[in-house]
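**Student:** The chain contents come next:
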Amino acid sequence: EAQVTQNPRYLITVTGKKLTVTCSQNMNHEYMSWYRQDPGLGLRQIYYSMNVEVTDKGDVPEGYKVSRKEKRNFPLILESPSPNQTSLYFCASSLWGGVGYTFGSGTRLTVV
Amino acid sequence: AQSVTQLDSHVSVSEGTPVLLRCNYSSSYSPSLFWYVQHPNKGLQLLLKYTSAATLVKGINGFEAEFKKSETSFHLTKPSAHMSDAAEYFCVVSDPRIGNEKLTFGTGTRLTIIP
Numbered sequence: 096e097a098q099v100t101q102n103p104r105y106l107i108t109v110t111g112k113k114l115t116v117t118c119s120q121n122m123n124h125e126y127m128s129w130y131r132q133d134p135g136l137g138l139r140q141i142y143y144s145m146n147v148e149v150t151d152k153g154d155v156p157e158g159y160k161v162s163r164k165e166k167r168n169f170p171l172i173l174e175s176p177s178p179n180q181t182s183l184y185f186c187a188s189s190l191w192g193g194v195g196y197t198f199g200s201g202t203r204l205t206v207v
Numbered sequence: 006a007q008s009v010t011q012l013d014s015h016v017s018v019s020e021g022t023p024v025l026l027r028c029n030y031s032s033s034y035s036p037s038l039f040w041y042v043q044h045p046n047k048g049l050q051l052l053l054k055y056t057s058a059a060t061l062v063k064g065i066n067g068f069e070a071e072f073k074k075s076e077t078s079f080h081l082t083k084p085s086a087h088m089s090d091a092a093e094y095f096c097v098v099s100d101p102r103i104g105n106e107k108l109t110f111g112t113g114t115r116l117t118i119i120p
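For the record, the sequence lines run as chains X and R.
Following our numbering, the numbering of the first sequence begins with 96 at its first residue and continues without gaps.
Following our numbering, the numbering of the second sequence begins with 6 at its first residue and continues without gaps.
So here's chain X without its partners, still in its complex pose:
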């Protein structure tokens, strides 16, 4: 089944403790992206990647890192999480050209 898989689905952590949210897609998509969803704000792009070793900042990149060492994986790294990073995170992937994006099921992160 074609899908984007995120792990974990739920995570509660403490301020300052490094964490990684994994994202993997099995559709051989070039484009991958991370979004955060907050009430009343819709989804905002954190980082995106056009292909292996090519990443760039989205609208809200502060406090996040990403890497794209393999085409299928695009992990999101929070080196020192803070409470304002409490949010619902989505990974998405796409072929090129505005054909529509496949989203993962989301990761609900709480930083206390």
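Keep in mind that the hints were calculated from the coordinates and are not lab data.
By construction, the Cβ of each residue, glycine as well, lies at the ideal position given by its N, Cα and C atoms.
The reader is advised that the hints may include incorrect statements.
[To be verified] Derived lysine to any residue pairs resembling SDA-like cross-links, with alpha carbons at most 25 Å apart:
#1 R:Lys47 to X:Val147
#2 X:Lys112 to X:Thr205
#3 X:Lys166 to R:Gly48
[To be verified] Covered stretches of chain R, as calculated for chain X (at least 3 residues, CB under 8 Å):
#4 48-60
#5 110-118
With the hints as your guide, set chain R onto chain X.
**Tutor:** Chain R only, in chain X's frame:
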């Protein structure tokens, strides 16, 4: 720059009556436009997309949307609401600039279906 405005944060309709979710966009480029649906505690699912072909776009589950360039609108409609349509809906514009297939999301419209 691009932006999306969903004109209603919450819409309630009775089961069996028509649904209208309104979306206006702003874009400096010829946009691609999408509607996504998010059911409670679920990810986002693509309902339909407009990519400069036919202006009336049909999607899944009986939804359709019409691209009106003169009005910069992309409203989502369905002739007859079903209980399973209760969800949050996002209008999305895609920036086709080379190097960033960027999505800009609206703030969402929560659709409630009254039995």
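**Student:** All the hints need checking, so say for each whether the structure fits it.
**Tutor:** Now the hints, each set against the structure:
1. R:Lys47 to X:Val147: violated (28 Å)
2. X:Lys112 to X:Thr205: Within the cut-off at roughly 12 Å; holds.
3. X:Lys166 to R:Gly48: With Cα atoms ~22 Å apart, Lys166 (chain X) and Gly48 (chain R) stay inside 25 Å; holds.
4. 48-60: As far as the region 48-60 of chain R goes, the hint holds, because 6 residues have Cβ atoms under 8 Å from chain X.
5. 110-118: holds (count 4)
Checked against the numbered hints given earlier, this structure breaks only hint 1.
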